[in-house]
Amino acid sequence: MNRLRAWFLAPSWAVMLALFLAPLAIILAYSFLTRGTYGGISLPWTRESYQRLADPIYLAILWRSFWIAGVSTVFCLLLGFPLALFISRSGKRKDLYLSLVMLPFWTSFLVRTYAWMFLLRDTGLINTLLQKLGLIHSPLPLLYNDGAVILGLVYGYLPFMVLPVYATLERLDRNLLEASADLGARPWATLTHVMVPLCAPGIRAGTILVFIPCLGAYLTPDLLGGGKSVMIGNLIQNQFTTARDWPFGSAVSLALMAVVMLLLAVFVRRGEEGLL
Amino acid sequence: MNAVLELREVSKHYPTHRAVNRISVNIERGEFFALLGPSGCGKTTTLRLIAGFEEPTHGEIRLSGSNIHHLKPYQRNVSTVFQNYALFPHLTVQQNVEFGLHRRAENHIGKRAREVLELVRLAGKESRYPSEISGGERQRVALARSLVLAPEVLLLDEPLSALDPNLRKQVRAELKDLQRSVGITFLFVTHDQEEALSMADRLGVMNAGELQQVGTPEEVYLRPRTRFVASFLGAINWIGDIGVRPEATRIAKRSTEEGRCRPATVVQSTFLGNCVHVEARLADGQTAVAQVSRLAEPFAPGEAVYVSWEPGDEQTFE
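Here the protein sequences line up with chains A and B, keeping their order.
Note that this note's numbering has the first sequence beginning at 1, numbered continuously upward.
Note that this note's numbering has the second sequence beginning at 1001, numbered continuously upward.
Derived by calculation from the structure, the hints in this document are not laboratory data.
Any given hint could turn out to be false.
[To be verified] Below are the BS3-like pairs computed for lysine-lysine, each with C-alpha atoms no more than 30 Å apart in a straight line: (1) K1125(B) with K1176(B); (2) K1125(B) with K1111(B); (3) K92(A) with K1072(B); (4) K1176(B) with K1111(B); (5) K1072(B) with K94(A); (6) K1111(B) with K1072(B).
What you are looking at is a predicted structure, and each value in this text was computed from that prediction instead of being measured.
Looking at chain B on its own, in the form it has when it is part of the complex (with noise of 0.2 Å):
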């Protein structure tokens, strides 16, 4: 395998709680992972202790093949994306991107920065300050800062959530594009799973410290390995001790088949437009919400009903 990042083992454990918790995964060259998790789950530790900023408690972190735990962060190939973009504020947009060559006393600066910002379109914003730009422009700069510098891997701590949502999606897709024409490994954390999911080559989930699956975003959606990861993915309802995703719920007037099938009390149905959720009651009192066809027979509160679901849509864990 080419993993350009591997995480064995690492911990990261404070006085009080363990933020991380034995996390051992694979980062291949040139792949786009997002790391996803609530807020909380030790997604951004794990990130800041790939950059140098904390040091693990137990574990190797290796980058091309060798253990980067002496490193300090300005000796590691690998560079950051914040939250906040942490531009710095007394310097241009150009100075800002020509910052870490500089420091790297590379050749041919003042050029490479302003390829960079061709990339990420900001050419003609180089003489601008940080305040003077619009967030989607101090997005583009703290990434063309650390793209400048080819790192083994950019680690994006939640870099879209500063963002208005109108923008969200559209950087979402060129975010995607850039990584793709760049080829650099991307390692992007966030708590939204919609972004993880459209984004990621392969996603890791993550949950109070621990690393409960890594796939492509189909594996990790339609085959969670666990509750939280399922539940966390998306909506679903818990049959018994099975779930199904709302798209994949059937719910009729008349018992289709056995075994896969539930009788239930329609509780109310809303109208969201390309669809309806209709929302029913189960024997044992857990609720199901069905994803049907705004063209579907309509259902009535306090009618009874049949919730069913096709063969291998059922998600079981143990």
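With the rest of the complex left out, here is chain A (with noise of 0.2 Å):
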């Protein structure tokens, strides 16, 4: 029985190890060598990288990460909660609307990241349309700014939270619904004291979903948020690129790994506690 278990295992195991923890190793050394002329690394082994972390350049690029992840994440729980509400309650349609929910993921995101360019750049489709109707004179500036780096990444990531909440609400006792309103409570009590609480659990999975990958975003600040909107992906891309730095661009990444993992064991012991 045990053999057979650890053969069913060894494909998984042959490919963690092989693309998973060798890359790991990989960058674990780089992050402790010294950077090469033309890219690449070189000896000696110093700790130097890490040091540079404390920059406070590199600190608020970090910091900016988490409050425009931190910022989508809300948003897309706020825009994803009623959105699953909805499904769960329309009967013979839910398997439309969730099919409606994953659609986006039949293209690929570079493209629908283009897309949202042509939508909001200055000669775009909503500039364009709101000056043909006169509302405004000059194009208002829709692209290459916070703002649009956390539209695209709500757009992008409100599946990975509609999903866990809405099998959360699915598998609501609607009984429980109907108690909380016997025993007096309104529509808006019901939410805050039942049917919140009584999510939390796809609520914090979908949160874990969104915000992670919200965090390591290159591609989105990238595009959306033009050279202005560093995120802490963006520096990590151009440390390999452009900069020719991969001791330091090693460095920050296992920096971000390693923050990113301490935040979800304290969300997970906290969730466990019942705290969230």
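Two chains, two frames, a set of hints: combine them into the complex.
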């Protein structure tokens, strides 16, 4: 039995070892090496990359990434919860609406992000339309700012909030909502005192699924934020391309990973204690 | 009359069927009223109409004299004990009981919740979660959660059906005592005629969305108005057009009296410990069961006998 188990697990282990743990080890090694003249790495071993992380410029980027990811997650929750609730109450149309939520996954995220650029830019659909209607005289600055990045992230990761929240709402016993109303709770009180607490596992899962990819996002801030809105993902990408500082890029990657794992551990622990 | 709850010609029609059809009944203040009927007869729908979870298609529901049809469930001073209790799993026993008091922003919440928990013998379990207590205790939490709000009518939807059978009989007596001591009107929905007969001051028998008869347990059992009521409330023998309960059915080897006596053949007799059921086939092919003392003379299958009954024990229907 154990041997069979080992055989079944072997492919997964092989993949994890070759494609996840080995690259991670390489990154770890790189982060302690010295930058090569034309990219790459060279000896000697040093901790210099980690010391540079404390530079206020990088801390500001880290803080900014957290802020943008946090705001995006909150918007995803504010939009996703009512949507999930609506879908869970839609009877026969549930399956249709769920497939609509997942429909964007059928096209490349890159293409969809470009589509947002066409909508938001100065000569884009929205600005052109508003100008033709005479509502504005000069184009609104819709693209290349934090707002555009948050919009792009919320758009991209909303389904990851909707699906787990929907799953918990779907399992929710309707009698509990009736009992709440029966005991004198108005709809808002039922929402905050019964529905949200009982959907906490779904909200927690959705928050993790949205916040973590948002924190490491680089495509959306790169395209929709322009050069102005740098997030930590862009910083890492930059180190490996333009800046040709692989050791520092590796150090930032590992620092991001450490912070995420720490946050996740706290979040999960608090969830188990019923605090969230 | 001092009716706390009046239903006037209340109907609930769905596109496919009529769940409740023109029900009229007055529930007196402080009484224990049972709504009895087979599953799907509309009794739970009636309860949901009163609680406000469903809107009647026609008719009027009046609580203490005023029409409540425009009130939402959270505005009606009635409370429901759900069949599965619907306790909030994320709240402790105490918090479940306090839930309604908080929503109504009342005073002395903690103290009142503890008093009610004491009343239903749950003192000491305040900080448990519903998943950590027994089925019987959950049922009492559901009761406490509603009782603490002192509703004008407490609606109970088959509250004993989730309990194990041994516990049910004990809880019946407790529930009846509790109702007497708090003096709150109970409207109790059940499909179990024994429950309804043993607990209710009055009961209403429903079938296919209609209320067929309302009366005290004695009235409804002894003078059922319809064949359905007669057969739903207990075993009954159909002898021609009249019905006779097995315990009122006599069986003898000799003809006793003309008119209330029919020749029959014994099919079988079944020993039940405290009595014997003798099943006999009448000339028209119907069978009748007579409940006789186990000390009476034995009857063998195939034996020719006479089935009879005392005047007044027969039930006739139009």
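Status of the hints after comparison with the structure:
Between K1125(B) and K1176(B) the CA atoms are separated by roughly 23 Å; this keeps the pair inside 30 Å, and the hint holds. About 15 Å separates the Cα atoms of K1125(B) and K1111(B), which keeps this hinted pair within 30 Å; it holds. Taking the CA atoms of K92(A) and K1072(B), the gap is about 26 Å. The hint holds against a cut of 30 Å. Among the hinted pairs, K1176(B) with K1111(B) is consistent with the structure: their alpha-carbon atoms are about 25 Å apart, no more than 30 Å.
With a C-alpha separation of about 27 Å, the suggested pairing of K1072(B) with K94(A) holds against the 30 Å cut-off. Distance restraint check for K1111(B) and K1072(B): the Cα-Cα separation of roughly 28 Å lies within the 30 Å cut-off, and the hinted pair is therefore satisfied.
No hint from the list above goes unmet by this structure.
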